[in-house]
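Each protein sequence line maps, in turn, to chains Y and L.
Be aware that the first sequence starts at 1, since it is given in our numbering, and climbs by one per residue.
Be aware that the second sequence starts at 1, since it is given in our numbering, and climbs by one per residue.
Just so you know, these hints were derived from the structure itself, not from any lab.
Keep in mind that the hints are not guaranteed to be accurate.
Subject to a maximum C-alpha distance of 25 Å in a straight line, what follows is the list of computed SDA-like cross-link-like pairs (lysine to any residue) [what the hints assert, rightly or not]:
#, chain 1, residue 1, chain 2, residue 2
1, Y, Lys91, L, Tyr71
2, L, Lys336, L, His185
3, L, Lys359, L, Leu162
4, L, Lys270, L, Phe337
5, Y, Lys76, L, Met197
6, L, Lys201, Y, Thr74
7, Y, Lys27, L, Ser63
8, L, Lys270, L, Lys207
9, L, Lys67, Y, Glu17
10, Y, Lys15, L, Gly39
11, L, Lys356, L, Phe337
12, L, Lys270, Y, Phe19
13, L, Lys313, L, Lys356
14, Y, Lys27, L, Ile231
15, Y, Lys76, L, Gly200
16, L, Lys67, Y, Met89
17, L, Lys359, L, Lys94
18, L, Lys207, Y, Tyr82
19, Y, Lys91, Y, Asp79
20, L, Lys356, L, Asn168
21, L, Lys336, L, Glu167
22, L, Lys94, L, Leu25
23, Y, Lys76, Y, Lys27
24, Y, Lys64, L, Trp90
25, Y, Lys64, L, Asn214
26, L, Lys270, L, Asn214
27, L, Lys336, L, Lys207
28, Y, Lys27, L, Lys94
Listed below are the residues making up each chain.
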Amino acid sequence: MLNVFKKVVPTQIAKLEPFGVEIAIEKGERLLSAALRQGLDWPHRCKVGSCGTCKAVLISGEIKSQLDFAYVLTDKEIDEGYILACQSMLKSDISVRVVQRKEMK
Amino acid sequence: MRTFAVNARYLIVPIMSLLTIGGILLGGSYTWLGVALFGVCTVIDIGTRNIHRRADFASDGTSYGVKRFQYGVMYMMLPVFIALQLALAWQIRKYSVSASEAVALSNLFGAILSAALWAGLGIIYGHELSHNRREGFFVSRLIMALSGASHFTYAHVYNHHLDLGHENDPATAPRGRNVYAHAWHSHMGQSHYSFDMESGKAKRRQKSFMNFDNRWIIGYLFSLPTLVLFIWAGGLWGVAAILIIWGISNFLLEALNFMGHYGLIREEGKPVEHRHSWDNDNIFTSWFFIEIGRQCDHHVRGETYFWELDDVKGPNYGVGYFELFLYTLIPPLFRKFVQVHLDHWDQNYATEAEKKIAKEIYLNANPKIQSAL
Ligand code: FES
Chain Y
1 MLNVFKKVVP
11 TQIAKLEPFG
21 VEIAIEKGER
31 LLSAALRQGL
41 DWPHRCKVGS
51 CGTCKAVLIS
61 GEIKSQLDFA
71 YVLTDKEIDE
81 GYILACQSML
91 KSDISVRVVQ
101 RKEMK
Chain L
1 MRTFAVNARY
11 LIVPIMSLLT
21 IGGILLGGSY
31 TWLGVALFGV
41 CTVIDIGTRN
51 IHRRADFASD
61 GTSYGVKRFQ
71 YGVMYMMLPV
81 FIALQLALAW
91 QIRKYSVSAS
101 EAVALSNLFG
111 AILSAALWAG
121 LGIIYGHELS
131 HNRREGFFVS
141 RLIMALSGAS
151 HFTYAHVYNH
161 HLDLGHENDP
171 ATAPRGRNVY
181 AHAWHSHMGQ
191 SHYSFDMESG
201 KAKRRQKSFM
211 NFDNRWIIGY
221 LFSLPTLVLF
231 IWAGGLWGVA
241 AILIIWGISN
251 FLLEALNFMG
261 HYGLIREEGK
271 PVEHRHSWDN
281 DNIFTSWFFI
291 EIGRQCDHHV
301 RGETYFWELD
311 DVKGPNYGVG
321 YFELFLYTLI
331 PPLFRKFVQV
341 HLDHWDQNYA
351 TEAEKKIAKE
361 IYLNANPKIQ
371 SAL
């Protein structure tokens with residue numbers, strides 16, 4: 001009976017630089033969850049948008065942020081296109097640059 | 001059928017909240033219905049203390065939970081909690097206009113207690129909605145604002161999830177603290193954290209603290225309609241009623257925080273793991289509290305919907321929240337109960353560094369606590 005609440009979910013594509021890997025993101029799924037589900041070792045810690053470990057740079061496409069990034073990312077980072085992968089859903093296919101562990105302070 | 005059963009079992013609080021509203025509206029001794037239901041739930045929880053079961057998953061590992069249905073229910077709880085306040089305000093208004101002719105003081109007290117206990121359960125929806133979806137976060141703030149605690153949503157995500165098990169997290173109760181002291185420290189600490197977040201943001205943007213984007217101020221402003229409603233309904237009586245409701249509902253909120261992490265320790269900078277939370281997952285607690293008792297899994301997979309949380313074999317009190325809550329109300333009893341679990345945690349879960357911190361805590365504990373250990 002409750003199946004009427006279920007809907008068919010199309011997928012979108014995220015291209016991850018610098019690896020050139022493409023991953024499928026189901027509708028309603030977050031970028032980080034999709035990457036981890038597909039076996040990628042994406043840096044992360046809290047998964048709720050509070051630590052900043054999963055940050056990435058959005059190169060093209062659009063995302064819908066699930067939480068205000070301004071408490072974790074600086075205004076400069078936000079202007080430069082940084083996003084938090086654990087709090088990002090896709091509005092279109094995207095291309096992102098993953099910030100690797102060695103780049104983090 | 002299975003999908004229906006799995007989703008319907010999380011409707012206990014919505015149904016009982018509606019019954020509580022009905023009782024308050026009916027008046028007379030029905031106003032005590034909410035208190036009676038809370039008592040019945042306590043009895044059921046104690047009676048089912050030994051029945052534990054995992055969340056249900058289909059053979060392909062997918063959950064039976066239906067996201068749109070569960071979100072619909074959680075969003076609907078906002079108008080339900082508003083209706084609870086309106087029903088109580090109506091009874092207070094009747095009392096203040098016609099005094100005891102229309103409403104006996106004892107029944108008015110029943111209505112206030114009933115409303116307070118069920119308003120306090122707003123936390124389970126406020127909590128779940130704080131984690132998923134931007135709209136959900138906003139609804140969470142509105143639900144928490146009905147209890148004067150809109151700061152919770154920000155502090156929970158940005159502070160509690162990051163600093164869990166460490167002294168930087170006001171919501172983690174250190175060993176030796178009782179629930180009454182914790183309610184105060186945790187509430188004030190989280191509000192302070194949210195205040196600091198906003199003042200830091202304002203400074204970075206070179207704005208005054210008093211700005212239209214200050215979520216700490218806006219959050220408290222969300223509570224204004226409740227305050228105005230109760231002042232209109234009963235003047236000083238109304239103020240007294242809302243203070244009782246906010247007091248009890250915030251106490252319940254902080255009691256959940258208290259039970260979820262009491263005495264657990266994490267070294268600063270080390271990842272949050274299953275061992276940094278206590279699970280309370282007997283069957284009634286799991287269904288009533290929409291799996292909020294699966295804290296071990298929740299804190300490691302914070303992005304996971306409640307119906308997908310699982311038993312991860314983390315530290316477990318072995319009893320439900322209602323039963324444990326009763327113990328917490330009597331601090332010596334709680335300390336005696338929890339010490340066995342803490343010793344087990346120290347021996348079987350803690351790292352060497354965490355054991356060292358635990359030892360220091362015991363050495364520095366005041367003599368009263370030491371003698372109780
Ligand atoms: S993992 Fe912490 S902000 Fe994304």
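Just to be careful, I want the Cα atoms of Lys94(L) and Leu25(L) compared with a cutoff of 25 Å; is the pair within it? 11 Å, holds
Under the criterion that the straight-line Cα-Cα distance not exceed 25 Å, is the pair Lys27(Y), Ile231(L) satisfied? Given pair Lys27(Y), Ile231(L) is violated - Cα atoms ~46 Å apart, limit 25 Å.
Lys91(Y) and Tyr71(L) were given as a pair; does the straight-line alpha-carbon distance stay at or below 25 Å? 20 Å, holds
Hint consistency between Lys270(L) and Phe337(L) [alpha-carbon to alpha-carbon, up to 25 Å]: Violated, at roughly 28 Å.
Is Lys67(L) within 25 Å of Glu17(Y), Cα to Cα? 32 Å, violated
Does the structure keep Lys64(Y) and Trp90(L) at a Cα separation of 25 Å or less? 42 Å, violated
Lys356(L) and Asn168(L) were given as a pair; does the straight-line alpha-carbon distance stay at or below 25 Å? 18 Å, holds
Decide if the proposed pair is consistent with the structure: Lys356(L) and Phe337(L), CA atoms, cutoff 25 Å inclusive. 22 Å, holds
Assess, step by step, whether the Cα of Lys270(L) is no farther than 25 Å from the Cα of Phe19(Y), and give holds or violated. Distance of about 28 Å is beyond 25 Å: violated.
Between the alpha carbons of Lys359(L) and Leu162(L), is the straight-line distance 25 Å or under? 24 Å, holds
Hint consistency between Lys27(Y) and Ser63(L) [alpha-carbon to alpha-carbon, up to 25 Å]: Satisfied, since the Cα-Cα distance of roughly 17 Å is no more than 25 Å.
Proposed proximity, Asn214(L) with Lys64(Y) (alpha carbon, max 25 Å): 22 Å, holds
Hint check: violations occur at hints 4, 8, 9, 10, 12, 14, 17, 23, 24, 26, 27 and 28; the rest are consistent with the structure.
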